[in-house]
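**Q** The chain contents come next:
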Amino acid sequence: MSDALQTGVVWAIQALIILAPGLIPLAIVPGLVYVERRMSAFIQDRIGPNRVGPLGLLQPVADALKFIFKEDIVPPHAHRWLYILAPAFAAVPALCTLAVVPLGHTLHVFGREIALIAADVNVGILVVFGLTSLGVYGIVLAGWASNNKYSLLGGLRSSAQMISYELSLGLSVIGVIMLAGSLRLTDIVMMQDKLNWFVFLQPIGAIVFLIASYAETNRLPFDLPEAETELVAGYHTEYGSMKFALFFLGEYAAMITASALTVTLFFGGWQLPYYLEWSRHLPQLLADLIPPAVFAFKTLFFLFLMIWVRWTFPRFRYDQLMDFGWKVMLPAALLNIAWTAVIILAGWV
Amino acid sequence: MLSAYVPIVVALLFAMVVAAGALVVSALLGPRRPTTNLTPYECGITPVGDARIRFDVKFYLVGLLFVIFDIETIFLISWGVVFRDFVTAGHGGYIFAIMAIFLGLLVLGLLYEWRKGALEWDER
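Line order of the protein sequences matches chains A and B. Its first residue numbered 267, the first sequence is counted upward by one per residue in the numbering used here. Its first residue numbered 17, the second sequence is counted upward by one per residue in the numbering used here.
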């Protein structure tokens, strides 16, 4: 191949990697919605969507078309601009968080090395927290701008819930930072080679992080902001057409981010045990393609777990939710920090 | 190395284009008919009073608690990054004790709030 063509291919791959944080959620969310609906149907002994296309596989396409061609109402009682902007506020941060997450190790294309991460910044974890905590604005603004009692209550509940669990989320990551000595997510993954997945060193931290990430994404059993039986639909009661679809997209993109982060911080990221040792004996192409595949597989597993949990557990009551956040999760996260400090001081890791 | 952040800005712009595109597309393609009922949705009953009702002061209290503990988290992040360096340099006990005192004070505050009932939601 000519030099120009080779350069072109390398550039195309790099452009794809840079756009991946937006493209991956956009590509996976329709499939995820389909899988969720089918799985919930199987768990509840129903059939689920099976009419549009083979096995109902075209259902997401039909849903998207229907969203687009629905009447686009701005209620006269709502605050017009905040009402329109709120869905965008909910979706945008969720669509860029993956930029700092390593999706694999490196690709070797025509003798050049391409890192499988869009932005390898040295404060990766801070960027993630900064972006995910912006997600609460969309929900609060929607609740306020709709000028509807259900929406306001949903938005209020949501803000209190998200900030309560954000503490546990942030504190459960401190242990990871202490072990890795870095905020860069590629460093954190590299530290978890051999059998050193951080989940083995600090199981409490991993569990707290997992539970808090469910609360952050407003998934059952923490979906009180939109509890159907009491608040109709919570903060998006007054929303329809693509505005509702954007909230939906934001929620599912946040699920993907949460799963990818759980994998990256506690379950070795793209690493398999002793991967760096045995991958040297593999053909280059295979050694390049295993890490992204492993990362995708692990992330999909945690997405599956989220769906499974949603259709298995009942919803918390609001006082139980706040009690759990402040009296169980917060002390557990602090305990995890103490535990991590002890194992480092004792020289076990 | 500010250039490392360029892809994040690109991702942000891309996400904004997607969101704006979605809003514009449905505004352009959706049907427009005169809708009769445009009151806030309250299960079919005519809404009474304003939607911006007074709400429990506890939401505000949670906000205050959050700010305190979030600042603590920020301290802990910078402390966590250098923790290992201090341990390898032989100052492990020192850096551990300093954070233990700081955290201990905050935990005392949390226990106080707990005993005072600031964390109770069902109590009236």
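Derived from the structure by calculation, the hints contain no laboratory data. Please note that the accuracy of each hint is not assured.
[What the hints assert, rightly or not] Here are the simulated lysine-lysine pairs, BS3-like style, with alpha carbons at most 27 Å apart:
1) B/K132 x A/K593
2) A/K332 x B/K74
3) B/K132 x B/K74
[Said to hold, decoys possible] A partial selection of chain A residues facing chain B, derived with a Cβ cut-off under 8 Å:
4) A270
5) L271
6) G274
7) P342
8) S448
9) L497
10) D589
11) I609
What you are looking at is a predicted structure, and each value in this text was computed from that prediction instead of being measured. Where is the CB? At the ideal position from N, CA and C, for every residue including glycine.
**Q** Starting from the hint list further up, note which numbers the structure goes against and sort them upward.
**A** 2, 4, 5, 6, 9 and 11
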